[in-house]
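S.K.: Start from the sequences and build out the full structure, keeping to the hints where you can.
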Amino acid sequence: MIGFLFFLSSTVALISALLTVTRHNAVHALLYLVITMMAIAMIFFLLGAAFAAALQIIVYAGAIMVLFVFVTMMLHQGEVTMKQEALLYQAKQSSTAIILCVLLLLELVYMLSSFSTAQTIMTPINVNELGAQLYGPYLLLVELSALLLLSALVGAFHIGRRHQEQDRQL
Amino acid sequence: MIDPDYIVFFSLALFSIGVYGVLVRRNLVFMLISIEIMLNAVAVIFVAASSYHGTSDGQIMYLLILTLAASEVAIGLSLLIHMYRRRHTLDVDQLSNMRG
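Which chain is which? The protein sequence lines are A and B, in order. The first sequence begins at 65 in the numbering used here and counts up one residue at a time. The second sequence begins at -14 in the numbering used here and counts up one residue at a time.
None of these hints come from the bench; they were simulated from the model. The beta carbon of each residue, even a glycine, is placed where N, CA and C say it ideally should be. It cannot be assumed that every hint is accurate.
To be clear about the criterion: a stretch of chain A counts as covered by chain B if any three or more of its residues have a C-beta under 8 Å from a C-beta of chain B, and this derived list gives those stretches [claimed, not checked]:
1. 121 to 127
2. 158 to 165
3. 168 to 175
4. 192 to 199
M.R.: Structure below.
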């Protein structure tokens, strides 16, 4: 049953990821991306990582997607943007990239098939152990990620700020 | 139970889709979305390895990937807004001169 659910959710994730990278409308692509995130969260649940699944839904499908949707709302101009995007991406012209990606996938799969994993034991990890690890041996990494987030905040504010003199030059 | 080979195959396929997206799209929004897909593929393999080995290290790596993705999206989207203000387009091929 778990295997069947895994196949179902991974198929959903792959199909919606393919639809994400081929849409012309950015909003449609983002909605397909949310479906991909949900399917990946389902896979995390099946792997016994309930905390990771919850974080996937809250942070990825929630917070990061909200960022994307807000920016798309600011920049999307309806038909004009759609026409520009239809000129920028044509599925017929992407055959070289398809060949390259299929080659990459085949190579990775070949590399994978040279060694086999015999047992299929999957142990669920509880949040208790995760928290103890996070605030024990990995304490420095937590501090570093806090610094990373702070610098990203400062950088995003600085880049996104409207500079009056630069606008006048245009 | 789920065979680890299938999970690795799923992750590789998702990663290839992300690479395809970065290669073919010229709109900056779609390139950022494709990078998100690739980061998710890596996260899947980390979480799978964590539950395969029975240790929590992989999930801690997943938390770090999540942090990285959030920062990357914040910086990337602010760069995108900046680019749209200056150029009024999101085509990355327009950014071919370094005069600024």
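S.K.: Take the hints in turn and mark each one as holding or not.
M.R.: Right, here's what the structure says about each hint:
1. 121 to 127: holds (count 3)
2. 158 to 165: holds (count 5)
3. 168 to 175: It holds: at least three residues are needed, and the region 168 to 175 of chain A offers 4 whose Cβ sits within less than 8 Å of chain B.
4. 192 to 199: holds (count 4)
Of the numbered hints stated above, none is contradicted by the structure.
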